[in-house]
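Protein chains in written order, with our numbering: chain V, 1309 to 1687; chain C, 2 to 381.
Derived from the structure by calculation, the hints contain no laboratory data.
We put the beta carbon where it would ideally sit given N, CA and C, even for glycine.
Certain hints may be false.
Claimed, not checked - Under the rule of at most 20 Å between Cα atoms (straight-line distance), these lysine to aspartate or glutamate pairs were calculated in the DMTMM-like manner:
id	chain 1	residue 1	chain 2	residue 2
1	C	K309	V	E1312
2	C	K309	V	D1310
3	V	K1344	V	E1425
4	C	K380	V	D1575
Claimed, not checked - For the chain V half of the interface with chain C, some residues (derived, Cβ under 8 Å), not all of them:
id	residue
5	M1309
6	E1312
7	V1375
8	D1601
9	A1602
10	M1626
11	I1681
Stated by the list, open to error - Quick look at which bits of chain C chain V covers, simulated, 3 or more residues with Cβ under 8 Å:
id	segment
12	261-267
13	284-293
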Amino acid sequence: MDFELSDLEAQVVATARAVARDVVAPAAREGDRSGKFPAEILRTLASAGLLAVNVPEALGGAGAGPVAYVLALMEIAAADCAVAVTMAVTNMVGEIIARYGTREQAERCCPKLASAEWLAGAFALSEPGAGSDSAGMATRAARRGARWLLNGEKQWVTSGDRAGVLVTWAKTDAGAGTKGITAFLVDASTPGLVVGRHEQKMGIRASSTVSLSFQDCELPDSAVLGQAGGGFRVAMSALDGGRTGIAAQATGTIRAALDASARYARDRTAFGQPIGEFQAIRFMLADMRTEHDAARLLTLRAAALKGQGLAFSREASMAKLFASEAAQRAVSKAVQIHGGYGYTDAFPVERYFRDARVQTIYEGTSEIQRLVIARDLLR
Amino acid sequence: MDIQLTDEQRQVRDLCRDFSEQELRPNARRWDEEHHFPREAVQKLAEMGLMGVAVPPEWGGAGMDSVAYAVAMEEISRGCAGTGVIMSVSNSLYCDPILKYGTAEQKREFLTPFARGEKLGCFALTEPMSGSDAAEMRTLAVARGDEYVLSGTKNFITNGPQADVVLVFAMTDRAKGHKGITAFLVPAETKGFTRGKPDQKVGIRASGSCSIFFEDCAVPKSCRLGQEGEGFKIAMSTLDGGRIGIASQALGIARAAYEEAVAYAKERRAFGKPIATFQAIQFMVADMATEIDAARLLTWRAATLKDKGVRFSAEAAMAKLYASEMAERVTSKGIQIHGGYGYIKEFDAERHWRDSRITQIYEGTSEIQRIVISSTLLKD
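All chains, full assembly: derive it from the sequences and hints.
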């Protein structure tokens, strides 16, 4: 036990910190206002190796491992959660294709995702009528000769309109439950892939969230990711990794809220002294810091287990649950510490407050995390 | 990044877990009811090297690291939280400062037999009118010839009723405030040393605490630990380490509550099925386990930093703050899951809840921890 970073991990963190400070943070406020997709920033992230942190070098990635990945994400998220979620999804798509894809699939997709030649990757799992209960999906892929015919609706697809490739899931055997689900790689140019509504979100506004429909999309056999009928496992594996990502994002959010609050508490005076001298304020800062560190350690533990090839599903859920819930408390305290100014756009904490809210929802709600944890412990 | 226990730390954990299960857990309820000091169990802890875990073997200890100590404290406290604090005081509050600040001669006399567990030490800082604000202490030590003469009262001294030696803090120069505090090692047989009746406590009732009194209590100058005026520094650095011990104790208490609640939830049926199948119970279990893990990571991080010899005050404060507050939430959920049975002494759930409460108070209240943590954040 040393809790120490390797040289490579430390190097990735330093790179991410510099990019966050120089490129991501200065654009965050405008990105939130305009809701404009951060294409240029993603290209900068790509050139810094941050879009494929845990993808093998042979496939264009940084090959730096899951610990480096979550640490890099914390840095970017502390600057801008919208960029962070876009980065996270592209990273996970590359990772999942590298892991479950054929060599041909990986060589075709991963380098383009890593380099931002494709600006993003996307996962299309949720549907209008099936969120947490993904086995209840209605999207179908039917055999037509040597090809698959894909039909259905997907919802809440991050970067769905910007992605060069989407990983999606469909039922290929309606009677087989979770064993009848297959994962597919769908190129953006596939006829019948129709981008629907752009969601207007309360936070992470510079990230793109769309609905999609597959209307008689014809896919070759080579579009199957993993085994036919093995899609549920791919989804769960993507979600486990994804949860460490959202945990990292939430941890970065707490740090941003804490840093802004500590700065304000030193500068703002009331009753003749900086408000940081009052215990009412100090104690909020102490609790934010403590929960930040706990969230960070839970996230690092899950990532470290993943890096060692050990089971980390429960630990990822604990990290995601704890960090996202702690983020809600931290951003609310940050607004409180800033008083009236916290409720306006004069300070960034109102953006943190809005950005954080989705973290207890996406990649598995807090309720789903508790189910995952409890089922594992009560077996 | 390596967050795994070493083989040696695992062995310590398993050894302590077995001991706790066999020797502590079956007796803890009775010791609690009778306010009974578990002398035999403490003797066995001593034989296992647990009264001086991090003390080098040359001074009678087990020569292990702070992570091993944290792991051992959690396991012992899981079986009996009162026994846990007896061990914590010996390790963190008594042996540790003597190892760090004592002369070789002091270590021979005041450390080796204590690390071996042949004798028991205690730590006397708090007074009736001075708790968190140690600089307000009233106990005086006046130099007179080759001696110091101590007079004053100390309060809530864990291990006080049994201690052979007291590590006590007294003012040698009141005008200097906390810089006028000096530490002394006072053998209990010293003339002028007396103890009050043991305190009647809410929890951790297997451990004893009491007031102790110094009335013209003269000790040779060789009993001074460190330099004159160094006492506050000794006390504060000792408490940094002590907080790792209390965080671990809180963890052990929470784990006891958690494990027993899980076992109960699997057995107990309602509405035709085990209550463990209801989300209301599952979600409590998930939150309990998550918070326990968070607390353990904070605690092990602080211990790791201590072993590296770098500053760990804020990290120890975070561990102690989080773990102790967590323990109250987790033990309360433990009662809730047990329903009515949680409120009666037929189960241990109520004891865990009572035991947990002290961890937010001693070795620095939660409020003091928050001051320690926030002071690092507000520096320019």
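Hint-by-hint comparison with the structure:
{"no.": "1", "hint": "C/K309 <-> V/E1312", "verdict": "holds (11 Å)"}
{"no.": "2", "hint": "C/K309 <-> V/D1310", "verdict": "holds (9 Å)"}
{"no.": "3", "hint": "V/K1344 <-> V/E1425", "verdict": "holds (19 Å)"}
{"no.": "4", "hint": "C/K380 <-> V/D1575", "verdict": "holds (12 Å)"}
{"no.": "5", "hint": "M1309", "verdict": "holds (6 Å)"}
{"no.": "6", "hint": "E1312", "verdict": "holds (6 Å)"}
{"no.": "7", "hint": "V1375", "verdict": "holds (5 Å)"}
{"no.": "8", "hint": "D1601", "verdict": "holds (6 Å)"}
{"no.": "9", "hint": "A1602", "verdict": "holds (4 Å)"}
{"no.": "10", "hint": "M1626", "verdict": "holds (4 Å)"}
{"no.": "11", "hint": "I1681", "verdict": "holds (4 Å)"}
{"no.": "12", "hint": "261-267", "verdict": "holds (count 3)"}
{"no.": "13", "hint": "284-293", "verdict": "holds (count 7)"}
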